[in-house]
Amino acid sequence: MDKKIRMKARNVDFFYGTTQILHGIDLDIFENNVTAIIGPSGCGKSTFIRLLNRMHELVPSARLKGEITLDGKSITSSDVDPVEIRRKVGMVFQKPNPFPKTIFENVAYGLEVNGVKDRQFIEDRVVGSLKKAALWNEVEKRLHDSAISLSGGQQQRLCIARCLAIEPEVILFDEPCASLDPISTHKVEELILELKKDYTIVIVTHNMQQAARVSDHTGFFYMGKLVEFGRTEDMFTRPREKRTEDYITGRFG
Amino acid sequence: MGRHFREELEQLNSDILRMDALVEESVAKAIAALRDRDPKAAQEVIDNDARVDELELVIDERCLDLIARYQPMASDLRFITTGMRLNGELERIADIAVDIAERVIFMAGEPLLKPLVDIPRLTAVAQKMVKMAIDAFIARDSEIAKQVLFLDPEADTLRDAIHKELVEEYMVKDPATTPRAVQLLLIARFLERVCDHATYIAEDVIYMVKAEVVKHHPERL
Chain H
1 MDKKIRMKAR
11 NVDFFYGTTQ
21 ILHGIDLDIF
31 ENNVTAIIGP
41 SGCGKSTFIR
51 LLNRMHELVP
61 SARLKGEITL
71 DGKSITSSDV
81 DPVEIRRKVG
91 MVFQKPNPFP
101 KTIFENVAYG
111 LEVNGVKDRQ
121 FIEDRVVGSL
131 KKAALWNEVE
141 KRLHDSAISL
151 SGGQQQRLCI
161 ARCLAIEPEV
171 ILFDEPCASL
181 DPISTHKVEE
191 LILELKKDYT
201 IVIVTHNMQQ
211 AARVSDHTGF
221 FYMGKLVEFG
231 RTEDMFTRPR
241 EKRTEDYITG
251 RFG
Chain X
1001 MGRHFREELE
1011 QLNSDILRMD
1021 ALVEESVAKA
1031 IAALRDRDPK
1041 AAQEVIDNDA
1051 RVDELELVID
1061 ERCLDLIARY
1071 QPMASDLRFI
1081 TTGMRLNGEL
1091 ERIADIAVDI
1101 AERVIFMAGE
1111 PLLKPLVDIP
1121 RLTAVAQKMV
1131 KMAIDAFIAR
1141 DSEIAKQVLF
1151 LDPEADTLRD
1161 AIHKELVEEY
1171 MVKDPATTPR
1181 AVQLLLIARF
1191 LERVCDHATY
1201 IAEDVIYMVK
1211 AEVVKHHPER
1221 L
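In order, the protein sequence lines correspond to chains H and X.
When we follow this note's numbering, the leftmost residue of the first sequence carries the number 1, and every step to the right adds one.
When we follow this note's numbering, the leftmost residue of the second sequence carries the number 1001, and every step to the right adds one.
To be clear, the hints were calculated from the coordinates, so they are not data collected in a lab.
Some clues are possibly wrong.
Listed next, the in silico DSBU-like pairs over lysine-lysine satisfying Cα-Cα at most 35 Å (straight line) [unchecked claim]:
{"id": "1", "chain 1": "H", "residue 1": "K3", "chain 2": "X", "residue 2": "K1215"}
{"id": "2", "chain 1": "X", "residue 1": "K1128", "chain 2": "H", "residue 2": "K242"}
{"id": "3", "chain 1": "H", "residue 1": "K73", "chain 2": "H", "residue 2": "K197"}
{"id": "4", "chain 1": "H", "residue 1": "K4", "chain 2": "X", "residue 2": "K1210"}
{"id": "5", "chain 1": "H", "residue 1": "K117", "chain 2": "H", "residue 2": "K101"}
{"id": "6", "chain 1": "H", "residue 1": "K4", "chain 2": "H", "residue 2": "K141"}
{"id": "7", "chain 1": "H", "residue 1": "K242", "chain 2": "H", "residue 2": "K65"}
{"id": "8", "chain 1": "H", "residue 1": "K242", "chain 2": "X", "residue 2": "K1215"}
{"id": "9", "chain 1": "H", "residue 1": "K225", "chain 2": "X", "residue 2": "K1210"}
{"id": "10", "chain 1": "H", "residue 1": "K187", "chain 2": "H", "residue 2": "K4"}
{"id": "11", "chain 1": "H", "residue 1": "K95", "chain 2": "H", "residue 2": "K225"}
{"id": "12", "chain 1": "H", "residue 1": "K196", "chain 2": "X", "residue 2": "K1210"}
{"id": "13", "chain 1": "X", "residue 1": "K1215", "chain 2": "H", "residue 2": "K4"}
{"id": "14", "chain 1": "X", "residue 1": "K1210", "chain 2": "H", "residue 2": "K3"}
{"id": "15", "chain 1": "H", "residue 1": "K242", "chain 2": "X", "residue 2": "K1173"}
{"id": "16", "chain 1": "H", "residue 1": "K8", "chain 2": "X", "residue 2": "K1164"}
{"id": "17", "chain 1": "H", "residue 1": "K242", "chain 2": "H", "residue 2": "K101"}
{"id": "18", "chain 1": "X", "residue 1": "K1164", "chain 2": "H", "residue 2": "K242"}
{"id": "19", "chain 1": "H", "residue 1": "K101", "chain 2": "H", "residue 2": "K141"}
{"id": "20", "chain 1": "X", "residue 1": "K1040", "chain 2": "H", "residue 2": "K242"}
{"id": "21", "chain 1": "H", "residue 1": "K196", "chain 2": "H", "residue 2": "K132"}
{"id": "22", "chain 1": "H", "residue 1": "K101", "chain 2": "H", "residue 2": "K88"}
{"id": "23", "chain 1": "H", "residue 1": "K3", "chain 2": "H", "residue 2": "K65"}
{"id": "24", "chain 1": "H", "residue 1": "K197", "chain 2": "H", "residue 2": "K242"}
Pulled from the structure, derived: some chain H residues nowhere near chain X, Cβ distances all over 10 Å [as the list claims (entries may be wrong)]:
{"id": "25", "residue": "E57"}
{"id": "26", "residue": "V59"}
{"id": "27", "residue": "D79"}
{"id": "28", "residue": "H144"}
{"id": "29", "residue": "E167"}
{"id": "30", "residue": "K187"}
{"id": "31", "residue": "E189"}
{"id": "32", "residue": "M208"}
{"id": "33", "residue": "E245"}
{"id": "34", "residue": "I248"}
{"id": "35", "residue": "G250"}
Virtual Cβ for every residue (Gly too), placed ideally from N, Cα, C.
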């Protein structure tokens, strides 16, 4: 664990109304690493990564205690602009959610809403992002076709390109391959391994083999608690906690 | 994972125990053939080895199949990879029983060089170590496995004593005894190798049970 810590959660409790979803989460996210979050449905893993770019604030009754930092600075205090946090901490969702616009417009969208007007700059960034998302070769001749015409796997990589266009520092993936076939899944996994050279990545996944393949560190959540966190190679061959062992060997969950 | 996976792990477990039964039987027969100077019994050991070879392939395939179909993790993964290793170690022990049986046949026409004293002691240690290593596997007990590792120096000491006696008391003093002394040297070497394979099994069992690698790291015991 000699890498630099980019994000830190300290003693994080989280509530929807009076229902406590997360209990005292302490977790470090290392630079240029992939951190996988695993656990059964309802364990709080998706909730947790939504806190990392303050998406939880979209729910009125949401309440967070404790602290989350990015490069040592709090992202959770009320004087921090959530839009700025979401620019630095991007997110890719379970279902590809391209806008009903062209491929080009989808990727350019984040820049335009951030007030970028320079067409050449936008074009360069769109091409660069599509290349980084390993989609360029498949779409370079149809940039002005509707994004909806792409396959599911291509749409997901388009969403990744859209996320990359605003140059985030951390990328959150919430079950990015849940609706993809094995070939598209393979492409997204390859892409994640490529992207970690430049970005810090957190991925929530139900697929334990996927966590084992792509991540450097893994956290196991159960009933709103972080049961175990450690190097992925240890977690999947010699977990310390019995609950982790039982979950990853399919004895419950 | 579900009931079917558990049942298949059970099946793998019984296959490994069946493999062990065949191998321990081969070793016991080879040792009895040596004691009784019985080339016929030795030939049976050689003939029976095909069954061990066949079962080795079945177990290997079962392990690969389980990994490919279920992508097991943690203790399940350790059990299956240990099963593969045990399978290989047991098959090597059976091959050594064949080596001993071949020496028995080779020596059948000649009078024994000397009454066997330390070789029966070494055979007792070898059989004990194999039995304990497999007991550790069956009971998933790393403490029994550790005891196997602590027995290995005893085997080395006995082998060294046998070497010393055969070389200094026979081969040097009367070179005409060399052809017969070499057969006994080889048998001592084979028996000591059985002990080594038992220690490998014990090390694998410790890994399987405690996820600790003690191979090449005796200080971790």
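Right, here's what the structure says about each hint:
A threshold of 35 Å between alpha carbons decides the hint, and for H:K3 with X:K1215 the separation of about 29 Å falls inside it, so the pair holds. Of the pairs offered as hints, the one joining X:K1128 and H:K242 holds, with about 33 Å between alpha carbons and a cut-off of 35 Å not exceeded. Taking the CA atoms of H:K73 and H:K197, the gap is about 23 Å. The hint holds against a cut of 35 Å. Annotation: proposed proximity of H:K4 to X:K1210 holds, straight-line Cα distance about 31 Å (limit 35 Å).
For the proposed pair H:K117 and H:K101, the alpha carbon gap of about 18 Å is at most 35 Å, so the pair holds. Distance hint between H:K4 and H:K141 is unfulfilled; the C-alpha atoms sit about 40 Å from each other, more than 35 Å. As the CA atoms of H:K242 and H:K65 are separated by approximately 28 Å, the hinted pair is consistent with the 35 Å bound. With a C-alpha separation of about 25 Å, the suggested pairing of H:K242 with X:K1215 holds against the 35 Å cut-off.
At roughly 25 Å between alpha-carbon atoms, H:K225 and X:K1210 fall within 35 Å of each other, so this suggested pair holds. Simply put, H:K187 and H:K4 have alpha-carbon atoms about 28 Å apart, close enough for the 35 Å limit, and the pair holds. Distance check on the hinted pair: H:K95 and H:K225 sit about 26 Å apart at the alpha-carbon level, within 35 Å; holds. Using a Cα cut-off of 35 Å, the hinted pair H:K196 and X:K1210 holds, with the two alpha carbons roughly 33 Å apart.
In summary, the hint linking X:K1215 to H:K4 is supported, as the alpha carbons are separated by about 33 Å, within the 35 Å threshold. Restraint check: the Cα-Cα separation between X:K1210 and H:K3 comes to about 28 Å, which is no more than 35 Å; the hinted pair holds. For the suggested pair H:K242 and X:K1173, the alpha carbons sit about 64 Å apart, so the restraint of at most 35 Å is broken. Between H:K8 and X:K1164, the direct Cα distance comes to roughly 65 Å. Violation of the 35 Å bound is thereby established for this hinted pair.
The suggested pairing of H:K242 with H:K101 is violated, with an alpha-carbon distance near 49 Å, which exceeds 35 Å. Between the alpha carbons of X:K1164 and H:K242 the distance comes to roughly 52 Å, so the proposed pair goes past 35 Å and is violated. This hinted pair checks out: H:K101 and H:K141 have alpha carbons roughly 16 Å apart, not beyond 35 Å. Note on X:K1040 and H:K242: the hinted pairing is violated, with a Cα-Cα distance of about 53 Å set against a maximum of 35 Å.
With a C-alpha separation of about 11 Å, the suggested pair H:K196 and H:K132 falls inside the 35 Å cut-off, and the hint holds. A C-alpha spacing of about 24 Å is found between H:K101 and H:K88, which places the hinted pair at or below 35 Å, so the restraint holds. Taking the CA atoms of H:K3 and H:K65, the gap is about 27 Å. The hint holds against a cut of 35 Å. Between the alpha carbons of H:K197 and H:K242 the distance comes to roughly 33 Å, so the proposed pair stays at or under 35 Å and holds.
Interface exclusion of H:E57 from chain X stands, the closest Cβ pair being 36 Å apart, more than 10 Å. The beta carbon of H:V59 sits about 34 Å from the closest Cβ of chain X, which is more than 10 Å, so the claim that it is off the interface holds. Against the 10 Å criterion, H:D79 stays outside the reach of chain X, whose nearest CB is about 44 Å from its own CB. Chain X leaves H:H144 outside its interface by the beta-carbon criterion, the shortest separation being 42 Å against a cut-off of 10 Å.
Once the 10 Å rule is applied to beta carbons, H:E167 is consistent with being away from chain X; the minimum gap is 36 Å. Non-interface status of H:K187 relative to chain X is upheld: no Cβ of that chain comes within 10 Å, the nearest being about 20 Å off. Non-interface status of H:E189 relative to chain X is upheld: no Cβ of that chain comes within 10 Å, the nearest being about 14 Å off. Not every CB of chain X is more than 10 Å from the CB of H:M208 (nearest about 6 Å), against its label as outside the interface.
A cut-off of 10 Å between C-beta atoms contradicts the statement that H:E245 is not in contact with chain X; the least separation is 5 Å. With a least beta-carbon separation of about 5 Å from chain X, H:I248 fails to lie farther than 10 Å from that chain, contradicting its non-interface assignment. Taking the minimum C-beta to C-beta distance to chain X, about 3 Å, the non-interface status of H:G250 is violated against the 10 Å cut.
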